[in-house]
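Those sequence lines, one after another, are chains A and B. In terms of our numbering, the first sequence opens at residue 19 and continues consecutively. In terms of our numbering, the second sequence opens at residue 623 and continues consecutively.
Keep in mind that the hints were calculated from the coordinates and are not lab data. Quantities reported herein were computed from a predicted structural model and do not represent experimental measurements. Don't take every hint at face value.
Stated by the list, open to error - Only pairs whose alpha carbons sit at most 27 Å apart, straight line, appear in this in silico BS3-like list of lysine-lysine:
1) A:Lys339 to B:Lys890
2) B:Lys1057 to A:Lys342
3) A:Lys335 to B:Lys822
4) A:Lys342 to B:Lys890
5) A:Lys64 to B:Lys890
6) A:Lys66 to B:Lys890
7) A:Lys66 to A:Lys207
8) A:Lys339 to B:Lys1224
9) A:Lys342 to B:Lys1054
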Amino acid sequence: MNVVAPTKVLAKDFASDQEVRWCPGCGDYAIVSSVQRTLAELNVAKDKTVFVSGIGCAARFPYYMATYGFHTIHGRAPAVATGVKLANPELDVWVISGDGDSLSIGGNHLLHMLRRNIDLQFLLFNNEIYGLTKGQYSPTSRVGTQSPSTPMGSVEYPIQACSFALGAGAHFVARSVDTMRQHLPEVLKRAHAHKGTSFVEILQNCIVYNDGVYAAVTEKDVAEDAQLHLQHGQPMIFGKAKNRGLRLKPGALELEVVTVGEGGVLISDILVHDETNRMLGMILASLEAPNYPVALGVIYCKPGPTYEASVAVQVAKQAAKFSKLDVNALLRRGHTWTVAP
Amino acid sequence: MSTAAALKVERPKAERRALESVVVRFAGDSGDGVQMTGGQFTEAVAIAGNDLATFPDFPAEIRAPAGTTYGVSAFQINFGGTKIFTAGDAPDVLVALNPAALKVNLGDLRSGGLVITDSSSFNDRNLRKAGFTNNPLKDGSLTKYRIMEIDISKLTLEAVKASGLGQKEGLRCKNMWTLGLVYWLYDRDRQATTDWLNQKFTESPELARANIDAMNAGHAYGETAEISGLEAFQVPAATLAPGTYRNVTGGEALSWGLVAATQLSGLKMFFGSYPITPASSLLHSLAGLRPFGITTFQAEDEISAICSAIGASYAGNIGVTSSSGPGIALKSEALGLAIAVELPLVVINSQRAGPSTGMPTKTDQSDLYQAIWGRNADSPLCVIATRSASDCFEVAIEAVRIALRHMTPVIVLTDGYIANAAEPWLIPDFGKYEKIPVTFHTQVEGFQPFLRDPESLARVWAIPGTPGLEHRIGGIERDYDSGNISYDGANHHRMTMVRADKIAKIADTLPEQKPEVGKSGGRLAVVGWGSTYGPIERAVLNVRERGGDVSHIHIRHLWPLPKNLESLLKSYEQVLVVEMNTGQLRTLLRAEYLIPAEGLNKITGQPFKVADIEAAINARLESKP
């Protein structure tokens, strides 16, 4: 009898048979491929994996995965996913969302999912624009963004996605870029390993309505100077020559960019990344070009009890109050009286 | 020495006059403990074997300024030795703890009714706050009633002296003093309340003692004070079917029904809800019953409440959400999703007076259009209604049964009156309930998520975690044959029709509509749904006792309607639809059956009075030969 060795799961095994309908050149292609690769490398069970999405370009994502998928309604994916996870905590739940879906119409649900710390992964594809509705400015669009609804430029201040997540009490906040094919899967693996809500912002290019919005961060010639790749326990060094770094400005609660070897700056002066430090995370999440590099990688990770685990502990205690879980007994609790025949 | 003791004159019990039934209303400030007093009295009369119905009526404000008319809270109970269907049209006894309570409630009292007042509360300040220019106790305006002026405040303070309570805390026992007096009036036992107080105040025995002392003093006052006009009564026990009874409110019965459905189906239940009056009691009740396989989730808003329930249904639980009209409005988009992806879901609407915030604590039946039609697109679902507190138990089970059998959202319409009102309930034997069969699809071969049962047209339920059935569903229209997304027009027509047919086919499994009382065919059918059951039934019975040809038809299944309803309604010369709205069921019946149904409509936030319905019936029976 032949022994059949278990076949290795490949990224393509996680691709569904559906034709992908994103615009050619959309950053979403790179993300779906990174997610498929990550799941293959993690060797997760397809039948235990669920992708939940709301509405928008990103929200089409579940159709392209050969797992369970639920394409729901605008902004509500966190709520639906919460129900899925609480109904069956064995399931591995991923939420796919965009900046309009999760920070505008669904902002409330994202806020509360994060503070509850439900164990799931939340990927926010941030392209700073409404794509599916044809190019209106979004809650993450920079001031002055010209769009069909803001012909003279938007006047609203944008939301910083990672700052929002930290403000909402997220226990895991990370950031990556759609086309970073090594970095993104590593971040996704960290997110998957984290127990609790893992929030990942993915900077994503919309080739039709907002092309090049992240060029100042992602273009090859500027990337090394514009990106800070965070590693827990390592000094926060970046730049082409790997000699620029962040340090705490003396006498102020503020980071400054310094160059090691210049003006007496030593490598020991450079701040070491501590991903369990929430205050540091808040500062890192808000670093913006051109004065600072954009922080990529795991900005904050400090596990805490998940909602479902805490509830399970309570319910176990509550169960002790019932001698038996019997409906007839339940209906007869408290005052009853008998009418004789 | 207390006044009661000073006037100690024992009166023999034989003097008690027998009454068939009595309506008592307790009224006071919302901080006076009126609802609690009513609840205790309800227990006591139930234990004595009376049939009963109650009507708690309280303001939306938690603690409105003391002494104001808008802060008045009331609790009415009708109890007797006969079958009781309603909380009663007009109180025989009104306990008014302050002038505002008198002002608000006096108009409902029957002529010659007894008013028990706390005389010391009728001071200038309280009279002014209540909007009286003169003291009604002194100006002769109350001559058509019998007025008992008792200095309840003073007598209460005397009674609680031994417990060492201060004036402010001592006065809080006023309600217990009046309860004691009313217990004496109707010869009801104080033991259950005594036990309850001892249990409630285990941590502060001085409060238990004060309340019990006050109650006993009120009782002793009745027994010993020789006061003209204060007559004691005897209300005989009702002839009820044998068995074990309890009092139950609609909120409790619904929650127990949901627990029962969980056990009958063997599934877990997920209950997502956002606090809203008058629906919150269901969330509170179920939160205490989580070990029965129920996950309760207080969501951040109404939308999250339903969406989380839909997510739970997708994952194989029974998803349930609960709210009141304004909250249901917020849930409508998600209801459309549940209809589109054909997942089981139970949505409970405890209706209240609207639109918008309306009158949150007042009852209404005006969400029928919303339930049946209130969504974008052709989006059919099942709608059923509860008729009384105890009926909620059966309806909850039936809602889950239909949702699971037909893979559809089911809206349960109840209302603020049913949610809070209590009635005695012959507790059923749960062992006799039919199981709710559930099959999760597991067969990989030939699978697509919208495979349908040829009989019911329900789709298969394939839940995440099932190997080989990985699939995607969503709000986008899907191909009839493959379940994949499709924008094809002909396919959309086909899918729209199958969604409608699936709901229509629920009627195949429904029992025939029968008149509650009366026969099929005749002069007049009075048609109702929901909490109008009690007053319609009483009114129809009253008219029939006088020989009137009238029947009562009460509809539980509002969508789809029972298959024989059309022929049944057409067998009567006239159809009168009684509703607490402007005629929503009437519109539905006219639209469906082209019958000239007429309406009797009342939108006051209060249940119908039996007399109003009787008058409407008589007018129609007299109008034509």
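The hints, checked one at a time:
1. A:Lys339 to B:Lys890: holds, 20 Å
2. B:Lys1057 to A:Lys342: With a Cα-Cα distance of about 20 Å, the restraint between B:Lys1057 and A:Lys342 holds, given a limit of 27 Å.
3. A:Lys335 to B:Lys822: Cα-Cα ~22 Å, so holds.
4. A:Lys342 to B:Lys890: Distance ~17 Å between A:Lys342 and B:Lys890 Cα, so the pair holds.
5. A:Lys64 to B:Lys890: holds, 23 Å
6. A:Lys66 to B:Lys890: holds, 18 Å
7. A:Lys66 to A:Lys207: holds, 17 Å
8. A:Lys339 to B:Lys1224: violated, 45 Å
9. A:Lys342 to B:Lys1054: holds, 19 Å
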